[in-house]
Structures are given as C-alpha cells and as structure tokens.
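Kindly produce the complete structure, drawing on both the sequences and the hints.
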Amino acid sequence: MRTIKKVCTAAVAVLALSATATACGSDSGSGSGGSDKTTITFWDNNGGVRTPIYQELIKRFEKANPTIHVEYVGIPIASVQQKYDTAVAGGETPDVGGVTTSYLANLTGQQALEPADDWLAKSQANGKLLDSMLTSVKETTPDGKLYLVPATSNLDVVWYQKEKLSAAGVEAPKTWDDFFSSVDKLTKAPDQYGWTIRGGAGSIFQLLAEAYAYSGVTEFFDSSGKSTVNDPKNVELVTKIAALYKKNTPEADVTNDFPKMVAQFTSGKVAMMHHNLGSYNDHVKAFGADKIDAYPMPVGESGKRTIVANPVDGFAVFKNSKNKEAAWKFVDFLVSKESNSYWNQQTGQIPANKEAQADSWLDERPYLKNAVEVLGDPGTTVVSPPYYLPQFSAITKADTEPLFQKVLLGQMKPQEFLDTMATKLTEAQAEWKKSHS
Amino acid sequence: MATEVITRRPAEVRTGATAPRPRRKDRGRVLRLHIPLVLYLVFTLVPFYWMIVFALRPTGSTAPVPWPITFEHFDTVWNDIGYAVFFQNSVIVGVLSLFFTTVIALMGGYALSRFRFRGRTAFMVALLCTQFIPGAMMLIPLFTIFRGLGLINSLWSLVVADTVFNLPLSIILMSGFVSAVPFQVEEAAMVDGCTRMRAFFAVVLPQLRPGLIAVGSFAFIHTWNNFLFALMFISKQDNFTIPVGLSYTIGEYSADFGALAAGGVVAAIPVVCVFAVIQRYLVHGISAGAVKG
Chain A
1 MRTIKKVCTA
11 AVAVLALSAT
21 ATACGSDSGS
31 GSGGSDKTTI
41 TFWDNNGGVR
51 TPIYQELIKR
61 FEKANPTIHV
71 EYVGIPIASV
81 QQKYDTAVAG
91 GETPDVGGVT
101 TSYLANLTGQ
111 QALEPADDWL
121 AKSQANGKLL
131 DSMLTSVKET
141 TPDGKLYLVP
151 ATSNLDVVWY
161 QKEKLSAAGV
171 EAPKTWDDFF
181 SSVDKLTKAP
191 DQYGWTIRGG
201 AGSIFQLLAE
211 AYAYSGVTEF
221 FDSSGKSTVN
231 DPKNVELVTK
241 IAALYKKNTP
251 EADVTNDFPK
261 MVAQFTSGKV
271 AMMHHNLGSY
281 NDHVKAFGAD
291 KIDAYPMPVG
301 ESGKRTIVAN
311 PVDGFAVFKN
321 SKNKEAAWKF
331 VDFLVSKESN
341 SYWNQQTGQI
351 PANKEAQADS
361 WLDERPYLKN
371 AVEVLGDPGT
381 TVVSPPYYLP
391 QFSAITKADT
401 EPLFQKVLLG
411 QMKPQEFLDT
421 MATKLTEAQA
431 EWKKSHS
Chain B
1 MATEVITRRP
11 AEVRTGATAP
21 RPRRKDRGRV
31 LRLHIPLVLY
41 LVFTLVPFYW
51 MIVFALRPTG
61 STAPVPWPIT
71 FEHFDTVWND
81 IGYAVFFQNS
91 VIVGVLSLFF
101 TTVIALMGGY
111 ALSRFRFRGR
121 TAFMVALLCT
131 QFIPGAMMLI
141 PLFTIFRGLG
151 LINSLWSLVV
161 ADTVFNLPLS
171 IILMSGFVSA
181 VPFQVEEAAM
191 VDGCTRMRAF
201 FAVVLPQLRP
211 GLIAVGSFAF
221 IHTWNNFLFA
231 LMFISKQDNF
241 TIPVGLSYTI
251 GEYSADFGAL
261 AAGGVVAAIP
271 VVCVFAVIQR
281 YLVHGISAGA
291 VKG
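In order, the protein sequences belong to chains A and B. Numbering of the first sequence is given in UniProt numbering, commencing with residue 1 and proceeding in unit increments. Numbering of the second sequence is given in UniProt numbering, commencing with residue 1 and proceeding in unit increments.
Quick caveat, the hints were computed from the structure, so don't treat them as lab data. None of the hints are false.
20 angstroms max Cα-Cα, derived PhoX-like pairs, lysine-lysine: (1) A:LYS164 with A:LYS269; (2) A:LYS122 with A:LYS354; (3) A:LYS83 with B:LYS236; (4) B:LYS236 with A:LYS59; (5) A:LYS37 with B:LYS236; (6) A:LYS59 with A:LYS329; (7) A:LYS413 with A:LYS247; (8) A:LYS233 with A:LYS304; (9) B:LYS236 with A:LYS322; (10) A:LYS354 with A:LYS138; (11) A:LYS269 with A:LYS247.
Chain B residues, not near chain A, derived (Cβ > 12 angstroms throughout): (12) HIS34; (13) PHE115; (14) LEU127; (15) PRO182; (16) ALA188; (17) ARG280.
Not close to chain B: a few residues of chain A, all C-beta gaps over 12 angstroms, as computed: (18) LYS63; (19) LEU120; (20) PRO142; (21) ASP178; (22) LYS233; (23) GLU251; (24) GLU301; (25) LYS337; (26) SER360; (27) SER393; (28) ALA398; (29) PRO402.
What you are looking at is a predicted structure, and each value in this text was computed from that prediction instead of being measured. The C-beta atom is built at its ideal place from N, Cα and C for all residues, glycine as well.
Here you go:
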C-alpha cells in the first residue's frame, strides 16, 4: 500500500512539473500576436558575451518603433552554423540573424537568405557602409549579390605587453626581420617567452594571415586557379614560425586554441601574441588598458602591407520571414551610425558605418584607430580567402590543423604541409568554378 | 628499581612475536592499492579543484588557491547569463525525463523479462541497435516531427527526445533487474489472492529499488547534460537549459573562464548530489542489471 502511495505522490509531482513545462511551451515565435505589435525574432550568432549589448539596442529600437517587438535569442558561437542548418532544413528560421562571411555561402547555397541590394539602395545606410566590407561580402556569394549587411569586421594584430617590450629595449616591430629579432630578445625561457603559436583549433587562419603578410602575395589563387598557399615565401615563413616553437614559445602551444592562447598571454608569461582586435577586453581585464597595445601584421620584404581579410560580421534577413518589412527596419537600425558605433565601442571592433568610424571613442583606442587606418589605406592589399568554397572550412580546419601540429613537432616538412593544403584548395576552387560556370 | 611495564598489541600477544610480517603486508597493500587509488583520485579531482579555484578567485588572479574568495562569477552566471531560468528548465526536463524513462522502462523491462512472445529477441536486438545511432543524425527528422506536433520551442520536445534516447538502454537494464526477482515470489502473492498488478506493486516493485535508482539516475544525468537537443529544438531564450548557458561563456574571441568555471560548478552540483545519494544503490544496481538478462 505504501508503494502505491509513493507512486501516486510521484505522479502528482510529475503532473505539477508537466504543467510548468507546458506553461514554458511553444508560442508562435514571430508574427503578429494578439496585440497590434509585430514580433520578429533575432538570433545573435555570438550569444552570451554580446547579449547585454543587443538587449540595450533592442530596447532603443522598440522605443523608437513601439509597434515592433524583437525577440532576442543568443546562439553559442561554436554551434551557430549547425543551428542555422537545422533551422533551414526544418523551416524554422528567424526573421533576422547574425551571420558572418565564414558560413554565408553555406546559407545562400540553401537559398535561405533574402538579397539586401534593393533594401540598401533605399536605406539610410546607402553609401555609409565601408566599401571593402561590402566587396568582401559580395565576393563570398556566387551570384555577387549582397545577402549580408556588414556591421563590423576585425583585423589581425599582434598584442603586446608594453612594459615587457620597453624592459627589453624593443619597439613594436614594423617588419618581419624586426619581429624575429624582437621575439629572441623578449625570450627568457622558461619564465618569459617572446611569442606564442596557435597550434590547436583555428591555427590555419592565423598562420595564413602571417604567411601572406610576410610574402606579400596578393591573391589566394593565381590566374590559372592554382592556390598560392604554397608560394616559396609562404613556405619560408612557416619554416621560420615552426623554428620558434619551444625555443621562443611555450611547449604547450602545439594544442593552443584561442582561449588557451589568450589565457597564456593574459597570465603574463608571453610578451607578444597574434590574435585579432576581439580579445581586447580580455587583455584590459588582465593588465589594464594602459599596459597593452597592438601593432598590425609586420611588412615583408616586398614592402607592401598585405592583410588577409577577416570574416565580415553582419545581419541577414531570412527568406522565411513573415515580417520582412519589420525585419529590414531592425537591420536598418542596427547598422545606423549610433547603433553601429555603440556596438563596436562595446566589443572593440571596427565599425562598418563610415560615420561611426569618425566617432571620438576611436581616438581613445590607438590600436583600433591604427586598424581603421590600415584598412582604409590605399596602399594596403586585402587578400580575400575563398570563404565561398563549401570545403574551405573543412580544408583549413579538420584537414590541415593536425598537419600543422605535425610541422611544429618536426614530423612534417612545411613544404609538404603547404603543398597538401594548396592541392586541396586548388581542387575545391576548380570544382566550384565548374559548378558556377 | 623501576618497574618496566611491557604492553603488547593483541596481535603480538596472540602470536608472541613482534609481527614484522603484517607490516610488510601493509606495505604491499599500500603499494598495490592505496598509491594507485590516491594517484587516480588526484588525477580525477585536480580538474574539479581548478574549476573551483577559477570559480572562486577574482578575475585576473593567478593564485593556486581561491583567496580572496569572490562570488562575482556566480553572480554573473546566475543573474547576467540567466542561469536562474536555465537551471529551472533543466530541473523540469531532467525530472520529467527521469519519470517517463523509469516508468516506461519498468513496463518494458517487466514485459521482456516475464513474457515470452514472438519477436522478443529481435526486439531486444533492435533496442541494442538504436544505441549505435548518434543523436546528431536524428536531429533533422526529429525537428520536422516536433515542428508538426507544435513542440518546437517547448520543453516537452526535450522531454520526449531525451526519454526516447534514454529508453533502449533503460529497458534492457530494467529487464535484467526484473529477471533477478524470482517469479515464484510473484506467483505466491497471486496464490494469496493478489491480482498480477497488485502482486507487482506489493512484491516486485519494492525489490526493484536499486534498478529504479540506477535507471532513473542515468536518465536524469544524460538529460541534464544534453546540449545538442536543447540548442536545436529550442529557439527561445527563456527555454534554454544549463548546457546551452554554459556555452555562452565562450565567445568568438574571448572566454570568461571565471564564469565558465562558476557555471560548471552550478551544473555539476545536482549531478554530484544525485551520485552522493544513490552511489550505494548504483554499484549494486548496475551489476545486477548488467549480468542478468
């Protein structure tokens, strides 16, 4: 009898929980609710860190547009592509989503996005968005249309601890020769290392940024469609970087992903680190704003500044949206001068809106001002990686990251490593050209 | 003249010797048993120690001990990241999945153990085979089904999906537990006038306690840790669960290790508590369910 009583008690508890679960149940998501308000859903592609920034912007937007309600959903960055793919396959996409050029081709390939060209022509943002970012977005898609409204971009820089450089009598290097001699001077192993290598996840993009900055090669593919990744100068750079491993860098670098690399730098053991502007807030937290600075990638023997374009981050309206007008209105608001300036000030990145780039907060952050100048300098050559290739992500991650680790461990020659990557990229490019000819 | 009192330990009294042999034996036991266990314990607990250190020490500190202690990271995850809501959702989904998994596994396990019917072996093999299908492969079909049922963005989608994925192993385990209870006991109850249902509740169910605990705890922990379904079937901020919240602490260009560790502690507490309470049943439960079928 007692057992039956226990079972009944459990059943009642479960019923109560079931009622709660049902209360947290589904709703229509986007669409017009019972009131006159139009609800649109917005997926943030880097949920968590940026959530408070978007919450503030949404508050401002809803105040200015009382008939529109924006439902914010933060998607963890590591799973955003899978989330979008599942949503597209299931037909449950948001109205507006944060999208970067890294997976834009994948989404346009599934015909999930609405082109933004017509909207931009009529928008207040027309003519105000940085041309290089617009070009970079258009180059990502096979039809050359604008499916992503750029909001921000990033730049690869070398972060350094000012005190460590001045103690060693070293100035921020401008050329690669200066760089390698500085790394030597800054290394006092095992207490201090001059450099840290990203050997784990995400290593290839950083390595390519260093290689192209060193070699001055300006295209990813030559006129015959052959990858330039294994250019002799690129091989030279990879050989030099691999030679730094364990001599001027911690041994653990072979498995460094970005959190470990940033953690190593912020622990104070490493004097200089290649990352992008995005880790600024971590460095400020660890050292204070006056203790750190950044310089752009050094210039190679060619004397030309060559940078590999970072993915452009922005907003896209999805084809399935039932409230496209409200969705575009929200995008329009997000890339306006005020919103774009606020967003980039908080994240420490480069605004896409040219008017926002003139704001005074940029003057207070010299590293960011430098980055804007580098991007805007007509002498800078931007090498656009082939983000449009469906295999690009797999080639530069799963296929070649372990090979770079082999190079660091001395189990593979840099030439062989870059030849392998070049062959894969050349094949992927040929396949893509064939399917789009 | 001083009187010397010699005291001997009971073992020495019994053997009449100073007993060097047991000491050697002790040393052997320490070498074979204690040292490997301590090493294994250190290996297991060091990551937990680091998690607690990161969670409790201030941002920027590199001290190996969490001093001075701060609760700022817990405040961040609970209030800013939204763990208060995520935790509640995880508890709801975990408990409901535990309940449905246990009840259905109990019924399925009883049927497989007590009845002989055509296709029984094939059914058992089919249950085993479902274990080879990764959850990620079922994402889109499940998504489409839940969409048709109006369950997308509902916690029920997680309860259903997690229960379904927990069931095969749970049913197999439970049938082993039921087999361990002699059918004669049930028959005796029926001879005394019980119906089959009454005999089950009065005689069988009380003896299945270790099995229920083993199956229930596995279901709860599996559901509690499931990130993939929680992220894919839910697109509403207030309906996410703890594992999704945990991944919020790693951004594209930065990771808040303090918040990540504090989130890890919050996520681990219920699992540790569950294990602390049930561990004595669990060992018995797993072995009983595993060897009999």
